[in-house]
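Q: Listed below are the residues making up each chain.
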Amino acid sequence: MDKISDYILKAGTIDRRWIFLIIGLAVLLPLFFPLGLPIRATNATQKVYDAVEALEENSKVLVSFEYGPSTKPEIHPMAIGLLRHLFTNGHKVFVTCLWPDGQFMADEALDEVAKEEFDLTYGEDYVILGFRPGNEAVVKGMVSNIRKLYTTDARGTLVDNIPLMKNINKVADFDFIFSASAGYPGTVEWVQYASDPTGVPLSTGTTSIMVNDIMPMVNSGQVKGILAGMPGAAEYEALIGTPGIGTSGMDAQSIAHLVIVLFIIFGNITYFIETQRSKKY
Amino acid sequence: MIGPWIAAFLTLAIFSYLYKDNPFYKVAEHLFVGISTGYWTSMFFWTQIQPNLFGRLWPATEYNSDLLWYKFYNLLGVFSSVFPDGGINKGHHMELLYLLPFALGIMMLLSVSSKLSWMARWGIAYTVGMAAGLRAYGFLNSNVLGQIKGSAFQIFNSDLPFFALASESIFNNFIILIGTITGLMYFYFSREHTGNFGKLSKLGIYFLMISFGASFGFAVMGRISLLIGRFVDLITYSGSAHNHATLWLLLAMILLLGYSAFTDKNNTSKDEPTIEK
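So the sequences go chain by chain: A and B.
Read left to right, the first sequence gives residues 706 to 986 (the numbering used here).
Read left to right, the second sequence gives residues 18 to 294 (the numbering used here).
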């Protein structure tokens with residue numbers, strides 16, 4: 706028994722770079738050899754899907770892109786999944802960005818979905834209003850008067866000349882808001898300054914690290930569901946029946962988690978052995 | 018064509034830090050900081066300052082070359098991309114009140130001057146005051162009142178099952194009730210945490226610990242997702258369509274880092290003092 710304990714303690718002192726390598730392999734191998742583990746939608750994801758399904762055809766949906774390349778693997782799959790769902794159901798999409806690099810992400814997502822998959826027309830079926838600096842002040846400004854804040858769209862076209870913008874003057878003119886958010890400013894600001902004061906329903910997709918901050922708002926009904934990181938995106942893809950980037954990463958995610966859990970258990974075992982030995986001697 | 022090579026190189030350069038700090042990592046880090054700053058500055062200028070500030074001070078709709086105000090504008094016309102001929106056409110009317118935020122903005126930039134840095138306080142004071150006022154309302158409405166409203170539910174709701182793992186149930190309602198009250202008790206510092214009060218506040222700590230554990234779990238999940246994202250890109254760039262960019266760059270980096278480690282080792286062993294018997 707002592708020999709086994711010695712081996713475990715010795716293994717606990719290995720160079721941390723071996724752990725990096727093991728985690729790397731745990732992520733890399735399932736990407737080459739997918740296992741096809743089942744994906745089941747959680748209540749939070751189902752609520753987002755139900756909120757979109759509940760919209761009448763031709764609803765005006767405001768989608769805000771608040772993420773950049775650094776969080777793209779988590780948020781981009783859910784943004785694409787949501788756009789597919791919205792366009793399939795025949796809704797009109799208005800895009801704003803509270804982050805400067807969100808505009809890149811919006812361009813990329815809409816090129817892929819609106820232009821290539823659905824062959825929709827810019828200015829009639831969707832519009833990218835673009836980025837405005839000012840964080841929550843931008844949200845507050847949109848609640849009172851969008852046209853004062855956005856006189857032109859992201860391409861420099863005057864908003865008055867865009868057919869889709871007809872009768873759109875403030876946030877209350879939209880039927881639904883979706884915030885694809887990776888931090889501040891993001892979901893919290895949309896809840897505080899747009900959804901709560903105006904009553905326009907809001908759903909969100911966030912990075913995993915934000916979920917604990919937003920979940921109380923989901924439970925209280927202030928936010929209609931949440932897509933939680935890459936698993937949230939995969940669940941949403943499963944619900945709309947179009948597997949995408951989120952789904953393909955889930956095997957790697959599950960295996961990596963399993964390895965990390967094993968490391969945590971191993972770390973705890975070495976801790977207990979060490980404390981037992983220190984008591985003994 | 019060169020884009021995937023740059024993306025693969027920068028990703029591998031950042032990953033190389035896991036081995037140890039090295040010049041590849043330094044290059045990627047400095048590029049990231051420099052490009053981010055340049056991009057943000059450019060974005061802020063072209064999406065806000067030029068259209069929304071200058072566009073309101075010298076709008077095309079009210080352009081009159083005889084006015085002194087627009088004569089001054091025409092002098093600025095040497096920067097023709099910022100101040101185009103005939104005023105700025107961004108759909109605004111003239112609003113000279115915007116000279117005030119313009120002045121405050123310039124005053125904030127004066128913080129670089131030791132003599133005039135005091136002027137920056139005016140701009141900062143305005144920003145802090147405005148942000149505090151704006152956020153106070155939002156927090157009070159959504160985070161305080163909204164959450165109180167959200168936690169005021171009917172515990173014994175006959176429509177709910179007694180127990181459910183993830184969805185609403187009477188049992189879960191009890192957990193929320195106990196967690197909220199004991200969690201708040203832990204943050205009540207006007208009474209010593211002893212006796213029954215101490216036991217309840219200790220229960221609150223356990224709820225907080227579960228919450229921190231969940232946050233840690235989500236943080237790990239997020240980081241793994243980002244790693245998956247980078248690996249997916251690296252796999253894509255390793256294909257023949259991109260001339261196996263990832264593989265060539267990985268090989269070159271391993272060789273250079275290996276050579277560097279080898280020469281470092283030799284230098285270290287030469288520098289080590291010899292022990293004479």
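A portion of the hints provided could be inaccurate.
For lysine-lysine, the following PhoX-like pairs were computed, each having C-alpha atoms within a straight-line distance of at most 25 Å [said to hold, decoys possible]: (1) B:Lys-166 / A:Lys-752; (2) B:Lys-107 / A:Lys-845; (3) B:Lys-37 / A:Lys-871.
Just a sample of chain B residues kept apart from chain A, beta carbon distances all over 10 Å, derived [to be verified]: (4) Asn-91; (5) His-109; (6) Phe-180; (7) Lys-219; (8) Val-237; (9) Gly-239; (10) Tyr-276.
Covered, in the sense of this in silico footprint (three residues per stretch, anywhere, with C-beta under 8 Å from a C-beta of chain A), are these stretches of chain B [said to hold, decoys possible]: (11) 47-61; (12) 118-130; (13) 134-143; (14) 195-206; (15) 221-235.
Simulated from the structure, these hints should not be mistaken for laboratory data.
The structure displayed is predicted, hence computed values, not measured ones.
From the three backbone atoms N, C-alpha and C, an ideal C-beta is built for every residue, glycine too.
Q: For this structure, which hints from the list above don't hold up?
A: The structure conflicts with hints 3, 5, 8, 9, 12, 13 and 14, although it agrees with all the remaining ones.
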